[in-house]
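Whenever a hint applies, use it, and build me the whole structure from the sequences.
Chains as they are written, first to last, in the working numbering: chain A, 1 to 296; chain B, 1 to 797; chain C, 1 to 196.
I should point out that these hints are in silico values taken from the structure, not numbers from a laboratory. Treat the hints loosely; a few may be bogus.
Listed next, the in silico EDC-like pairs over lysine to aspartate or glutamate satisfying Cα-Cα at most 16 Å (straight line) [as the list claims (entries may be wrong)]:
1) B:K718 / A:D258
2) B:K718 / A:E218
3) B:K439 / B:E491
4) B:K287 / B:E224
5) B:K326 / B:E202
6) B:K321 / B:E406
Stretch-level coverage of chain A by chain B, calculated; a stretch enters the list once three of its residues show a Cβ under 8 Å from a Cβ in chain B [as the list claims (entries may be wrong)]:
7) 11-17
8) 99-112
9) 273-286
Keep in mind it's a predicted model, so treat the numbers as computed, not measured. Quick reminder that beta carbons are idealized off the backbone N, C-alpha and C, glycines included.
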Amino acid sequence: MDFLRPASWEEALAAKAEHPTAVPIAGGTDVMVEINFDHRRPEYLLDLTRVGDLYEWETGEDSVRLGASVPYTRIMENLRTELPGLALASHTVASPQIRNRGGVGGNLGTASPAGDAHPALLAAGAEVEAESVRGSRRIPIDAFYTGVKRNALAPDELIRAVHIDKADGPQQFSKVGTRNAMVIAVCAFGLALHPGTRTVRTGIGSAAPTPIRATAAEEFLNAALDEERLWDSGRSITPSVARQFAQLCSAACNPVDDVRGTARYRRHAVGVMARRTLMWTWESYRGNARTMEGAA
Amino acid sequence: MVHTSANGAPTRITQGAPTQGGIGESTLRPDGTLKVTGEFAYASDMWHEDMLWGQILRSTVAHAEIVSIDTSEALATPGVYAVLTYDDLPTEVRTYGLEIQDTPVLAHGRVRHHGEPVAVVAADHPETARRAAARIKVEYRDLPVITDEASATAPDAVLLHENRTDPHAAHVPHPNIVHRQPIIRGDVEQARGRADVIVEGEYVFGMQDQAFLGPESGLAVPAEDGGVDLYIATQWLHADLRQIAPVLGLPEDKIRMTLSGVGGAFGGREDLSMQIHACLLALRTGKPVKMVYNRFESFFGHVHRHPAKLYYEHGATHDGKLTHVKARIVLDGGAYASSSPAVVGNAASLGVGPYIVDDVDIEAVALYTNNPPCGAMRGFGAVQACFAYEAQMDKLAGRLGMDPVEFRRLNAMSQGSLMPTGQVVDSPAPVAELLRRVKAMPLPPEQQWLVAGEDADLRQLPGGLSNTTHGEGVVRGIGYAVGIKNVGFSEGFDDYSTARVRLEAVGGEPVATVHTAMAEVGQGGVTVHAQIARTELGVAQVTIRPADTQVGSAGSTSASRQTYVTGGAVKHACELVREQVLDRGRRMFGAHHPAWATAELLLEGGKVVTDGGEVLADLVDVLGDEAVEIEQEWRHRPTEPFDLRTGQGVGHVQYSFAAHRAVVEVDTDLGLVKVIELACAQDVGKALNPLSVTGQIQGGTTQGLGVAVMEEIIVDPKTAKVRNPSFTDYLIPTILDTPTIPVDVLELADDHAPYGLRGVGEAPTLSSTPAVLAAIRNATGLELNRTPVRPEHLTGA
Amino acid sequence: MRVNFTVNGRPQQADDVWEGESLLYVLRERLGLPGSKNACEQGECGSCTVRLDGVPVCSCLVAAGQAEGSEIVTVEGLAEYARQRACGTGGCDTSAECGTSGDEARRWSAHGTDSATGEGTELAPIQQAFIDAGAVQCGFCTPGLLVAADEMLERNPNPTDADIREALSGNLCRCTGYEKIMDAVRLAAARQGEGA
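This is the structure:
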């Protein structure tokens, strides 16, 4: 094993070009577990710790450019207004110690369906800024996840940043685990209302081979909101619409039985989370941000 | 040079005033400062110049013949010093075991469970050792896996152990049954006729892991005399020694064992793990060998709590009196016996719970299967039974339309009651009182997540920070349970402890030294020993020697027995020392004062005093330059084996009782549970150290909570392979999963026990689980016959 | 490879480090600082928690090479760290001594006491509170909990119970049921408040 320590982004790209099998390591919260448990012995570890701009973010007019290594702690503390869905998701990541190290770049690089950031990124409609010595490109999040723990990166590419539109409406994130802390998702759900485009986007984690959107559910809801002119009227969503949306979200899942939960439960739980997060976001959109106890 | 500096050196405790720090006070741990500064030397902290690292190669399958093992490539790896397999074992003794010697040191021709040790490697770096182990080529030929009672007892079942010669072989109905214990009392068939209500239930208890945080570790250092020094985390040094010596072919006195820091145990260190492997590698290479399991390996490195299937039938009359209990308890012992026979004895003899029932028919068995070996864990057979009989009690109360607590109180045993084994409970058994107390505690306020004018506090809700509910679907439930646990080793076992106590004058002050082989695993035995010495010898300064095999056995740190038995031994040795000191005083000073001959004399505040408080001499003057030292064994009352046909017999030393009330909030849509409070009332006889006692109760309660809602080793029923050997997927409660645990301690003395004390550690682990289950049933209306409860069980999904 | 970093105020160097070694391994096995504990080595238990450039992290998940040039505080340095914080920034002598060689560090052992009980050892308030409240049983979780709790009290001197639970949710304890750990943190916060 060789340990590569690029001092700059350019050096990192050069190293990755020279050693395409090099495994990037930043927070280490995935890679080191695999090394400690002897699941992985990469030829090269590419340490990105010294690449400072990966730890920075810029808030622009319409969007945030989030460095790949910005720790979840920073996201939940500093970007709650701009990126509420991702901030909520960040708060559910493992423990304070892990949130201090891990960042979105790691989630994307690993591309595990259980990664907490994915549903929020899908719902927000993010773009991944990937770069190699050959050049830079932006990969829409919808095209990023290509298979179980596989992504659209070329072997010589590294993730530099994620571009996420600043929230133009309420966003929510919800995750099911069997503990009340230190939870790896049994399944997770992200929802973002986009009043600007009058659309709703979703993201589902741990309920299919890859993180997915519930596109049929989105289409149904977009149409229902449109049809009943709810974006304008600000009236409540009817229980039957919410129920149908939840069912379609469940139906979008393609889960497995594993030690963390059954496929049936995952479908069921995604439906419950879809219904609840829809009610929370919609009530918030209606300017009625009262707490929702007992609302379901 | 060995780093034993931290806890390898004598531990001296000094308190301010000489009479302070005795029993009944919450004195602080003598090892506390070392533990908070990081200086306490745990087994995995040991370091030796020039040491090698040991690594075990474990089977990747549960049941197979070993066709061949090729170690040549591993041996050729640079940095590798030794690779050992079964063929390299030095003597004809190649198995070990706590009760039955059936566990191979290294697999011989066959592996019987996933993760069984096949070979061991020593190398100069852990990574070198891992790589070398990975280069050992083992060819397996699969055998059919036995995973449950049906496959174990099928007529054509493969036998896990052929030609058994152990003491249970003769009476078991099938060679794949380790041990069978019936308990028959009265006439259940007749009693059934008197029952107005009968309830039946089939219950499943999942496989729990001790999940102690300090992984199995040790350092073996070869000695010049051909022996070996072993620094090890264990629960019972002498039982280890008894099993290690014959395999190494060394006399016991050439294996010098010292207890290193133990990071929790809970039963999981009662069996050997890497002790023999480390010694073998050290003796073979002539170099010190350190072994440290990682968490993955730890899940294969120790036995687990027996998973169980329990079939119960309870009957009662309309007025709420139990008529009979009929039960069958099937424990899965896995591939090797470990302590399965004793677990069977406990499950059977305690299978009715703390209730008066005249007509009982219980059968408990433990199976041999290809599942992971199971053995001791806190609660030891009583836990599984308690989960089932308490569910039955709630079911019966429901059928009778009675309050579940009142129904239990109506049938609660008390001092003088008969156990189904015929044993009279001859010390306080305040079962009804504990239930009354736990019910009388104030209930926690409802909906604590509501914060005026703000969003719901997610941390107080089911699902926590995962943001699954803001109150939707959340229903509160309350449940109760009570349990009975035996204290000490039962069934005729010669359960003794040894203590060596020395009293001498050092620098003008009397100093007591206590030396035992008791494994301090976190329970606070060292604190209590110092308290006992202060109380008995009237000194301020007590030195606790490190536990090792240079003193006689202290028995196991298990069965809630150490304060009782080793504490009893320390007390006894102190009394003998005191007698000698007083005799010496009488010889030296008796002529000066008549009270030396006539009065009851005590040692207090560093002086010899009469019971009237008159000071006769300074202890240092009596002691002079000559220390008084005594090593003595001490035994509790003898017990007897249970009759193999009827289960009758005075099998247990002492019983302990705890009751719990659980308050839970369940997100009924998602099946997520938040335990809001777990109140406990327990009788401890006498709290020698109240702070430690509540700590034990709260810790035991939390382990019971864990197996109620999250903890389970999941074994694939087709392959018998463990599916979740990690802290990522074997979940134990975090601080956000653990509620407030108010504790009400009752102190009703047991006159048979030292100071009237009652073993504390295990009873709270029993009743916690069924109380949580009862609360979840109360919230959801579901039957819930298995533990742990998972979200899918609560949502029907 | 060689790595250099500062541990508890002292420059440290380790040679022949295997590239896959964690910071935890280097601290424990190469620098003679075994206080940080190896309970899970997968970031699930927090017993290896150290402060890396001020931030609590699981040292088992930091590749040793990643810590190059960093400032690390372990449980062994917690008392001194707390003392300097109490003195205020720059208010006290920072006792900048020369580095300890690997060999010296390996010979490291209990110090500043006249017996193995650690009597007379200067403790951080959180350390003393853990002893006083009975929050230590087997003690294996204790070092990580102390580092995490101390950092929380630095940020949040008056935590609610829920704040404490959230901040310590990455630190597993198997012995205590956490009640006495809660007591200890409340006690340290109260004492800190009195002292302020």
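Next on the checklist: When the structure is checked against the list of hints, which entries are broken? Sort them ascending.
Outcome noted: As far as the earlier hints go, 2, 3, 7 and 8 are violated by this structure, in ascending order.
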